[in-house]
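There are 2 protein chains.
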Amino acid sequence: MKTVVLKFGGTSVGNIDRIKNVAKIICSYKRKNIGVIVVSSAMSGVTNNLIKKTKELSDNFDPAEYDVLLSSGEQVACALIAGRLKHLGYKSRSWMSWQLPIFSNGPYSGARIIKINKKEISKFINIGGIPIISGFQGVNEDNRITTLGRGGTDATAITLAKFFNSNECIIYTDVDGVYTTDPRSHLKAKKINKISYDEMLEMASLGAKVMQPTSVQDAKLNNISFSVKSSFMKKKGTLITSNKKAFSNQIITGITSTKNDAKVTIVGVKDKPGVAASIFKPLSLNQINVDMVVQNISLNSKETDMTFTIKSEDLKKTEKIIKQNKKISFRKFTHDSNVSKVSIIGVGMITTPGITYRMFQALASKKINIMVISTSEIKISVLISSKHIKKAIAALHKEFKLD
Amino acid sequence: MKTVVLKFGGTSVGNIDRIKNVAKIICSYKRKNIGVIVVSSAMSGVTNNLIKKTKELSDNFDPAEYDVLLSSGEQVACALIAGRLKHLGYKSRSWMSWQLPIFSNGPYSGARIIKINKKEISKFINIGGIPIISGFQGVNEDNRITTLGRGGTDATAITLAKFFNSNECIIYTDVDGVYTTDPRSHLKAKKINKISYDEMLEMASLGAKVMQPTSVQDAKLNNISFSVKSSFMKKKGTLITSNKKAFSNQIITGITSTKNDAKVTIVGVKDKPGVAASIFKPLSLNQINVDMVVQNISLNSKETDMTFTIKSEDLKKTEKIIKQNKKISFRKFTHDSNVSKVSIIGVGMITTPGITYRMFQALASKKINIMVISTSEIKISVLISSKHIKKAIAALHKEFKLD
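In order, the protein sequence lines correspond to chains C and W. Each residue of the first sequence is one higher than the last, beginning at 1 in our numbering. Each residue of the second sequence is one higher than the last, beginning at 1001 in our numbering.
Fair warning: there could be bad hints in the mix.
[Unchecked claim] Keeping only pairs whose Cα atoms sit at most 27 Å apart, straight-line, the calculated DSS-like set for lysine-lysine is:
#, chain 1, residue 1, chain 2, residue 2
1, C, Lys52, W, Lys1091
2, C, Lys52, W, Lys1020
3, C, Lys53, W, Lys1188
4, W, Lys1030, W, Lys1188
5, W, Lys1244, C, Lys53
6, W, Lys1115, W, Lys1024
7, C, Lys209, C, Lys235
8, C, Lys53, W, Lys1091
9, C, Lys52, W, Lys1052
10, C, Lys194, C, Lys209
11, W, Lys1024, C, Lys55
12, W, Lys1387, W, Lys1191
13, C, Lys53, W, Lys1053
14, C, Lys244, C, Lys53
15, C, Lys24, W, Lys1053
16, C, Lys52, W, Lys1320
17, C, Lys20, W, Lys1030
18, W, Lys1188, W, Lys1317
19, W, Lys1053, C, Lys91
20, W, Lys1235, W, Lys1002
21, C, Lys20, W, Lys1053
[Unchecked claim] Reference excerpt, derived from the structure (chain C facing chain W, CB under 10 Å, subset only):
#, residue
22, Cys78
23, Gln361
24, Ala362
Hints were generated in silico from the structure; no laboratory data involved. Each residue gets a CB set at the ideal place from its N, CA and C atoms; glycine is no exception.
With the sequences and hints as input, model every part of the structure.
Below, the structure written as structure tokens:
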């Protein structure tokens, strides 16, 4: 039988009316005589409310109990959806991860699914039932509940699609797909019909917060195409699939930008082997994420300038760590906390020359100064002053025919 | 090792401060080097909130999903308690019913525990751990969650005490014990130190709403003494135990009263065999609970009057059913919805003659008219006008030296 995995995020099941709506969506698939497997997150707000409680009880709440606590949210949502479907006359029931089971390993709050026992679900689908499965969780070898971390319900959906060899996997959420750029900051942003896993990964990690990169990576590794759709509007979503299937004439698929970046320059660093490691190791040990890095060519072979970007919130900590670092010597520490990174992303650039030039030209024509450049196979990023961000996105959106 | 089962009700874990307080209580036992087994209800309000959701989704919510839903409440409370204990440096962890498992059978929302797998808990206690076990639930032979109905966490506590052969079982709640009569309606009410299972059963079913009768019955059948205590005050509670152990010089242990009763009289019923059944069967089929029943002696052997009490809210329905009943013929239907039942309870009355007389005398001295009388081995109940209820309780409380 043809099967489809439908995943509903927290906002999609955020209140009673939305749960009724989700039941309607599920029924619309069921009526087409398709085997439906549903995965649900907790109702939005519930998880944050539970997290708040843990913080009131301990500044270091036990990770195992934290997972027991949080997983109750999906239990509630799944029971409500199954109950609603039964009310509508459908055969349905909820399954918690321990009931299948969905086996997981790895740390609490960051576990990964390693196996799903399909037996009960397959049987239930074959007799026309609609299983509602709790996302975001599994049971480990100690028979304890472990949650999968941020975006864990997406991971459950992708893994179910893999284990059940599903024909389709649809991620229902509160946005209607992936856009060429953030529609809130650029009115001409357009929904993308198809995008490759790789492009989606670059989009996701750069701030198009539709999906966690780990789930996209999972889908890519298992070659599972999936769609992102809104549960609130009847609209075509975005299909995320392999490079080959996502192929279009579009060279650039999307443009992303960051907020709250800061640029740091360490002027006059003594240039010797291992100096970069000496600078970045203590930052990494302090959970400071360094993004773009540029080392100026040292003219006299004795000194160099090191420039890199971090999150603005890490600036003070970074300055302190650098200044206390006895393994390096330098002349000056400067910083600019009003910078943003703008990136253009597209598998098309692999085979199309001149993209870098066109990007720089488009920005130059608007008198936007580029501070730092960084490139990968399918992405070019530039660091510019935050005040130019809207203008830069508009120029690039137009240049690469995304309008 | 000496073990004690501690049960915490919904109000005892009703917010974060109360959970902190519960953790303190648990630690106070642990410090005495006693093996502690904790059972918790859901935080108060949570269950009602979930029930409200089901009603918004269906007027006939699926019972199996209802139980999945409701059982999430205990999961939250147990994880929070265990997390707090770990924060305080104790070895603790939560166990859901499926993790032990606690096996149940019977219908959803009304299941009973049939077996508890002790292995993991025994091991954990032996290494000094404090297990926090979800009350109110079990898993049935289909590996689905079933809840135990009202007062189900008490049932879990009593059953755990039985399976673990515990030395003590303490039911922590929001009252500090069982009183001689309701302290809200009689200022001289006093806390009872010891009471027998049988007396407690009569007290409970008559409105002293400390505990569900089924759990008291369970305790009686398995001869498990337990205490009822407040989690808010450091006070001695009430011990509920066997007749023998509860023995005291007190003849009457407590006085209870009802509100919202109605008295119905069917005047001039044709007196023939089976007439009582003809009257009461349709009432029972309509979930109307008939309490006290009196049938007047029929003088001419042809007609009789039938008087009985019901809840006031059932009066209209009762009248309709009686009047539509074609199996009986009668002359008149009268009713009085301002009546209350007052009962005196005590195992002492089995061996002490004259109690009935003293009760009637005490009421007569206050000019209180008795409408209906009903007696059992350890209880005498009278029906009086609701307006005399306070006066009656005061008179009886004094007469039987409970003040």
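Hints, one by one, checked against the model:
1. The suggested pairing of Lys52 (chain C) with Lys1091 (chain W) holds, with an alpha-carbon distance near 23 Å, which does not exceed 27 Å.
2. Simply put, Lys52 (chain C) and Lys1020 (chain W) have alpha-carbon atoms about 15 Å apart, close enough for the 27 Å limit, and the pair holds.
3. Restraint check for Lys53 (chain C) and Lys1188 (chain W): not satisfied, since their Cα atoms lie roughly 41 Å apart, outside the 27 Å limit.
4. A threshold of 27 Å between alpha carbons decides the hint, and for Lys1030 (chain W) with Lys1188 (chain W) the separation of about 36 Å lies outside it, so the pair is violated.
5. About 46 Å separates the Cα atoms of Lys1244 (chain W) and Lys53 (chain C), which puts this hinted pair outside 27 Å; it is violated.
6. Note on Lys1115 (chain W) and Lys1024 (chain W): the hinted pairing is violated, with a Cα-Cα distance of about 30 Å set against a maximum of 27 Å.
7. With a C-alpha separation of about 19 Å, the suggested pair Lys209 (chain C) and Lys235 (chain C) falls inside the 27 Å cut-off, and the hint holds.
8. A hinted pair counts as satisfied when its Cα atoms are at most 27 Å apart, and Lys53 (chain C) with Lys1091 (chain W) qualifies at roughly 20 Å.
9. Proposed proximity of Lys52 (chain C) and Lys1052 (chain W) is supported: the alpha carbons are some 24 Å apart, at most 27 Å.
10. Taking the CA atoms of Lys194 (chain C) and Lys209 (chain C), the gap is about 17 Å. The hint holds against a cut of 27 Å.
11. Restraint check for Lys1024 (chain W) and Lys55 (chain C): the C-alpha separation of about 18 Å stays at or below 27 Å, so the hint holds.
12. Restraint check for Lys1387 (chain W) and Lys1191 (chain W): the C-alpha separation of about 25 Å stays at or below 27 Å, so the hint holds.
13. Under the criterion of a C-alpha separation no larger than 27 Å, the hint pairing Lys53 (chain C) with Lys1053 (chain W) is consistent with the structure, at around 22 Å.
14. Only pairs whose Cα atoms come within 27 Å are accepted, and Lys244 (chain C) paired with Lys53 (chain C) is rejected, the gap being roughly 47 Å.
15. A hinted pair counts as satisfied when its Cα atoms are at most 27 Å apart, and Lys24 (chain C) with Lys1053 (chain W) qualifies at roughly 17 Å.
16. Taking the CA atoms of Lys52 (chain C) and Lys1320 (chain W), the gap is near 53 Å; set against the 27 Å cutoff, the hint is violated.
17. Distance hint between Lys20 (chain C) and Lys1030 (chain W) is unfulfilled; the C-alpha atoms sit about 48 Å from each other, more than 27 Å.
18. Simply put, Lys1188 (chain W) and Lys1317 (chain W) have alpha-carbon atoms about 38 Å apart, too far for the 27 Å limit, and the pair is violated.
19. This hinted pair checks out: Lys1053 (chain W) and Lys91 (chain C) have alpha carbons roughly 20 Å apart, not beyond 27 Å.
20. At roughly 22 Å between alpha-carbon atoms, Lys1235 (chain W) and Lys1002 (chain W) fall within 27 Å of each other, so this suggested pair holds.
21. A distance of roughly 11 Å separates the Cα atoms of Lys20 (chain C) and Lys1053 (chain W); the hinted pair therefore holds under the 27 Å criterion.
22. Taking 10 Å as the C-beta contact cut-off toward chain W, the hint placing Cys78 (chain C) at the interface holds, the least distance being around 7 Å.
23. A distance limit of 10 Å between C-beta atoms decides the matter here; for Gln361 (chain C) the minimum to chain W is near 57 Å, and the interface restraint is violated.
24. Restraint check, Ala362 (chain C) versus chain W: the minimum CB separation of about 52 Å is more than 10 Å; hint violated.
Of the numbered hints stated above, those contradicted by the structure are hints 3, 4, 5, 6, 14, 16, 17, 18, 23, 24, listed in ascending order.
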